[in-house]
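In order, the protein sequence lines correspond to chains A and B. My numbering numbers the first residue of the first sequence as 6 and each following residue consecutively. My numbering numbers the first residue of the second sequence as 450 and each following residue consecutively.
The hints are simulated quantities; they were obtained by calculation from the structure and are not laboratory data.
What the simulated footprint calls covered on chain B by chain A, stretch by stretch (three residues with Cβ under 8 angstroms from a Cβ of chain A suffice, anywhere in the stretch; the number is not a length):
#1 601-609
#2 612-619
#3 626-637
Label-pair distances were calculated between CB atoms; the ranges are:
#4 B:Y606 <-> A:E281: 52 to 58 angstroms
#5 B:H537 <-> A:K249: 56 to 62 angstroms
#6 B:G599 <-> A:G70: 47 to 53 angstroms
Quantities reported herein were computed from a predicted structural model and do not represent experimental measurements. All C-beta atoms, glycine included, are put in the ideal place defined by N, C-alpha and C.
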Amino acid sequence: MAALLEIQSVTKRYDNLAAVDNVSLELEAGEVFSLLGPSGCGKTTLLRMIAGFETPDSGRILLNGKDITALPPNKRTINTVFQNYALFPHMTVFENVAFGLRMQKKAKPEISIEVDAMLDLMELSDHASKKPNQLSGGQKQRVAIARALVNKPKLLLLDEPLAALDLKLRQRMLIELDAIHDEVGITFLYVTHDQSEAMSLSDRIAVMNHGKFEQMGSPVEIYEAPINSFVAAFIGDTNFLNGKVTAMPNDEFCTVRVPSLGDLLVWKDKDVRVGEELNLSIRPEKLRIARKKPEKPDLLNCIQAVVEDVVYLGSLTKYRLKSGEYTLIVEQQHGHYLLDEKPITWEEIVWVYWHSEDGYMLQSYQQDDESLMALSEDMPDE
Amino acid sequence: MRNRPNIPGFIAITVLVFFYLPIFYLVMQSFNEARFGGPWRGFSLQWYALLFDRPEVWRAVRNTLIVALSSTAISTVLGTLAAWCLHHYRSRLQQSHYVLVYAPLVFPDLLMGISLLLLFINLGYPLGLGTVILAHITFCISYVAFVVLGRLQDFDYNLIEASQDLGAGWATIIYRVLLPVMGPGILAGALLALTLSIDDFIITFFVSGPTSATLPLYVFGMMKQGSPTIINALCTLFMLATFSIVIWGQRYLYRR
Ligand SMILES: Nc1ncnc2c1ncn2[C@@H]1O[C@H](COP(=O)(O)OP(=O)(O)O)[C@@H](O)[C@H]1O
Ligand SMILES: [Mg+2]
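With the rest of the complex left out, here is chain A (with noise of 0.2 angstroms):
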């Protein structure tokens, strides 16, 4: 089956800047699709140039295999949720709901029945005759949504739709995109700089940077098999460890020297020959700590650590370790509070373990990304 929407290789330049660098992408009908990246890596570039905004400077788009690149906005089966939602002040809900029905010419009695269903499905029932200025940020918000869903679109393309929101009507409106997509089935492209937002929504995921894509993938891919430190930083806490191919014990495993913290044993993800530079991302859940060491340590990684910083979370509690050159990140839920004797706390010794197969190999390494990750922001350095 062809793709609903094809970008191949399109570039968009303001003045020297790439906003969007040959970018290509295929979107099936139905999924639900997340552009994800740091504010100004192009997302809302790319997004206009499907929703006819901008031309590309090159490359084409296709819609249903049909070449739509130069074809304005309103002759496109396309509509947009806009970040600051762009209601129209002078007009009632029902009225802004009405506006794509009566741009496509229908009659009143058909707009009035659509309109409803539609107000009906967003819980806007009660506010049809309110003016924009009268709503809460929520149900502007799903105004903006049904207008743009009632004329049926193809495809449905949101900008940061979310963004303007608290958090508590952020999570609660992601549940509603989530029950209205699956009530209508149309295919979303959603634009978002929020990894948990992309996460919960979509089945896949182009995570963004500098106009490029770095990489795509089901949310579950990019999370556990991010291809490098940007990906795997931006996507949510990891550890990153820096060593050297030293021998091959057997067709799955490797042994890698990390400087300051020993030989360890990891998985391989990727081919690679002894003598090699290599970068591991682990994430902060993977690893665990304990007093003692553990009891069979075959296929486990072992070392000893200091506790620099405990924060207590609730439904886990997050370590700050110090072991050789490296800071650790640990996230581990509390086992057995009630019957532990002592928690662990500052200043302890323990050890730190994980399986081998819990460490990700990433294709490539750079130390900025490391200032991606929130991290810094819940544990401050003293």
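Based on these hints, arrange chain B with the ligands on the given structure of chain A.
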């Protein structure tokens, strides 16, 4: 604390008295029976009756209306377009455009009147209603442009993209979105142009011909002939008309 003098209240009342005492006096005198004003001799509408007998008054009113309405209409359209250009294009040309549109706001009227007069004479254009209208358009454009520009600064350009996104072409966008949203701003500009045009004396004085005297010019002429009581009546009516426009405009603007 209790006996603190109410200074802001005192200032407000002084200012109000300063503004409205002369006007109040004028309105009162227009109903005074006394021939040359002065002390109150009893209520009378005779000056209004006299006023309605004078055909020149009605010619002046007609001239004022023609000039005000046509210059307001044309300057509103041109001023709105100028504001749109100034808002949306930030080129060198538009920067000088901005300065040139701004200049008439601070130009002395005298200078503008004389320069327009020289221009019309050099072009051999006969002075009359036509030249008065042209002159009024010239200064009204600037005021309209600046009022509309102020409103445009608050206009969300995303509304236009949202309309395009929903399938609207330019004609529909202007008619259904741009004008309704900008309407109050454009109307405010038009009202300002209207009152300025009705009011203008100096520029009109230079560019009007023998038969194209507007109300302010006519009133000035009557002053010289010395019939102050009729002028009081005329000015009272004039004021009533201006106030009505302003009040109606305010109501319309703040209703939304
Ligand atoms: N109209 C424009 N003119 C010049 N530069 C622009 C314009 N729009 C975007 N850019 C630049 O292109 C880059 C990408 O912008 P954008 O697509 O808005 O990023 P994002 O939506 O990911 O935050 C930014 O560096 C931005 O400054
Ligand atoms: Mg953006």
